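Residue numbers (the numbering used here), protein chains in the order written: chain D, 1 to 222; chain R, 1 to 263.
Heads up, a few of these hints could be off.
FRET-style restraints, in silico, Cβ to Cβ [stated by the list, open to error]:
#1 D:116 / R:243: 58 to 68 Å
#2 D:3 / R:203: 32 to 42 Å
#3 D:213 / R:204: 31 to 41 Å
Selected chain R positions facing chain D (Cβ under 8 Å, derived; list incomplete) [as the list claims (entries may be wrong)]:
#4 216
#5 218
#6 243
#7 246
#8 247
#9 248
#10 249
#11 255
#12 256
#13 258
#14 260
#15 261
#16 262
Because the hints were derived from the structure by calculation, they are not lab data. This one's a predicted model, so the numbers in the text were calculated from it and none came from an experiment. Glycine is no exception: its CB is placed at the ideal position from the N, C-alpha and C atoms.
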Amino acid sequence: MTDHTVKAFDEDITRLRGLISEMGGLAEAATHAALDALVRGDEELADQIVAGDKKIDALEMEVDKLAVRIIALRAPLADDLREVIAALKIAGVVERIGDYSKNIAKRVGKIEGRDRFEPLTLLPAMGEVAGEMVHDVLTAYAARDADLAREVISTDAKVDAFYNSIFRNLVSHMVENPATISSAAHLLFVARNLERIGDHATNVAEMVHYAATGTYPPEEDR
Amino acid sequence: MTLIHEKIQRDKTAKMIARDVSVYYGSKKAIDEVSIDISPDYVTAFIGPSGCGKSTFLRCFNRMNDTIPVAKVEGLIELEGEDIHGNAMDVVQLRARVGMVFQKPNPFPKTIYENIAYGPRIHGLGEKKADLDVIVERSLTRAGLWDEVKDRLEDSGTALSGGQQQRLCIARAIAVDPEVILMDEPASALDPIATAKIEELIDELSGRYAIVIVTHSMQQAARVSQRTAFFHLGKMVEYGPTSDIFTNPIEQRTQDYITGRYG
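Based on the provided sequences and hints, a complete structural model is requested.
Quick look at the structure:
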């Protein structure tokens with residue numbers, strides 16, 4: 001892509017991409033760390049994740065400010081305009097992904113009898129896929145890569161399959177042993193949060209596709 | 001070859017049509033086989049870098065290029081189905097029907113009243129003072145200038161501010177009841193408030209007149225037009241609905257130009 005005649009415009013866009021990618025990196029790391037803390041029952045790590053979410057929130061505000069500044073000062077058009085608008089929306093979604101990880105971390109201390117639950121081995125695998133989606137979709141954003149965005153969209157089915165399987169598993173735990181209901185319910189929310197992260201990554205992928213091409217991905221992808 | 005967006009239909013109500021129009025300055029081809037329709041239903045903006053030929057093309061619609069000895073125009077241009085280069089076409093009449101507003105306001109060094117009344121008088125549109133009074137008031141009202149000048153119609157047109165002078169020139173163009181108004185960067189010498197008034201005026205006049213505007217300001221094209229044509233090196237590269245041209249242009253050259261990557 002050719003540079004803008006006004007160099008400062010390119011610097012602004014580069015900075016915007018940098019902020020989004022930093023947010024995404026933090027959100028992805030928080031998801032992995034939250035599951036790690038959950039599996040090991042590491043409450044200290046969980047507290048760090050909750051505290052670390054503030055950094056993601058602060059970055060979102062920075063993206064908002066920069067995007068508004070670019071619109072006011074540079075009057076972006078065409079692909080530039082689509083990218084800036086996408087960045088605004090993506091920042092909001094990534095902030096939400098950070099919240100889901102924080103929510104998972106908050107549940108770490110509430111799980112009892114962790115060796116009893118098979119989902120505790122499934123959740124990290126599910127988190128791996130969801131985290132990968134977040135990672136890939138932000139790579140697609142930075143590279144304006146519509147094909148990678150479509151791949152992310154198609155990956156969401158895997159996350160949904162994990163969710164359904166974990167859901168059935170936890171329900172059967174609750175039916176068989178009502179004493180596990182409290183812990184199982186917490187794990188159900190964890191699975192639910194991961195499933196939402198996958199959905200949000202899918203939404204971001206649609207925005208990336210639009211920013212890159214000016215069209216939304218074909219219906220069969222979604 | 002122009003990339004024409006799918007949403008653009010050749011409409012039968014077009015006021016003017018240009019087909020395969022080329023313009024030469026001596027041996028240099030300044031416009032290369034451009035075709036377009038213009039209509040009162042929408043404002044058309046011509047955009048493109050300096051020297052791309054957009055003003056040259058604009059000037060074809062009322063044969064202003066006739067005044068340049070080395071200029072030669074080829075192709076067909078019709079006004080209401082009539083060939084403007086045909087023998088039956090009176091060029092003075094043509095320029096009354098296809099009015100023009102220039103970059104720098106150029107009122108006659110006469111009174112405000114005379115600036116407006118001159119055209120209708122020589123075209124025989126109003127012989128009695130009472131008729132001319134009506135035309136002067138109506139034209140100034142449509143140009144959004146009446147309230148500002150109604151008490152000083154005998155002042156010189158050149159005593160007005162730049163923005164007022166430009167609206168006076170628009171009033172002068174519409175006084176002879178044209179069908180088309182060509183505007184060549186009508187606001188580029190004006191401050192933002194005066195510019196906003198001109199843009200508002202363009203919006204109000206659209207529907208009654210077919211308006212074509214050449215502008216260097218992308219934002220202005222986006223604000224005032226419904227259709228945009230992008231010119232580059234004498235070719236009309238892309239033509240489509242303004243909202244699509246500015247959010248989702250198809251041609252790389254259009255994209256590069258409007259996003260400030262050109263050159």
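Structure-based check of all given hints:
1. Checked against the hint of 58 to 68 Å, the pair residue 116 (chain D) and residue 243 (chain R) passes, with Cβ atoms roughly 59 Å apart.
2. Checked against the given bound of 32 to 42 Å, the beta carbons of residue 3 (chain D) and residue 203 (chain R), roughly 35 Å apart, stay inside it.
3. Remark: the range hint 31 to 41 Å for residue 213 (chain D) to residue 204 (chain R) is upheld by a beta-carbon distance near 37 Å.
4. Interface restraint check for residue 216 (chain R): the shortest CB-CB distance to chain D comes to about 14 Å, outside 8 Å, so the restraint is violated.
5. Residue-level restraint check for residue 218 (chain R) holds (minimum Cβ-Cβ distance to chain D is 6 Å; threshold 8 Å).
6. Hint on residue 243 (chain R) is violated. Least Cβ distance to chain D is approximately 11 Å, over the 8 Å limit.
7. A hinted interface residue such as residue 246 (chain R) counts as satisfied when its beta carbon comes closer than 8 Å to some beta carbon of chain D; here the least separation is about 5 Å, so the hint holds.
8. The beta carbon of residue 247 (chain R) comes within 6 Å of a beta carbon in chain D, closer than 8 Å, and the hint placing it at the interface holds.
9. Evaluation of the residue 248 (chain R) hint against chain D yields a held restraint, the C-beta minimum of about 4 Å falling below 8 Å.
10. A cut of 8 Å between beta carbons decides the hint on residue 249 (chain R): the least distance to chain D is about 5 Å, and the hint holds.
11. Contact between residue 255 (chain R) and chain D, as hinted, is supported at the beta carbon level, the nearest pair being about 5 Å apart and thus within 8 Å.
12. Annotation: interface hint on residue 256 (chain R) holds; nearest CB of chain D at approximately 6 Å, less than 8 Å.
13. Contact between residue 258 (chain R) and chain D, as hinted, is supported at the beta carbon level, the nearest pair being about 5 Å apart and thus within 8 Å.
14. Given the 8 Å rule on beta carbons, the hint for residue 260 (chain R) holds: about 5 Å separates it from the nearest Cβ of chain D.
15. With its C-beta approaching chain D no nearer than about 4 Å, residue 261 (chain R) sits inside the 8 Å limit, and its interface hint holds.
16. Of the supplied interface hints, the one on residue 262 (chain R) holds, with its beta-carbon coming within about 7 Å of a beta-carbon of chain D, less than 8 Å.
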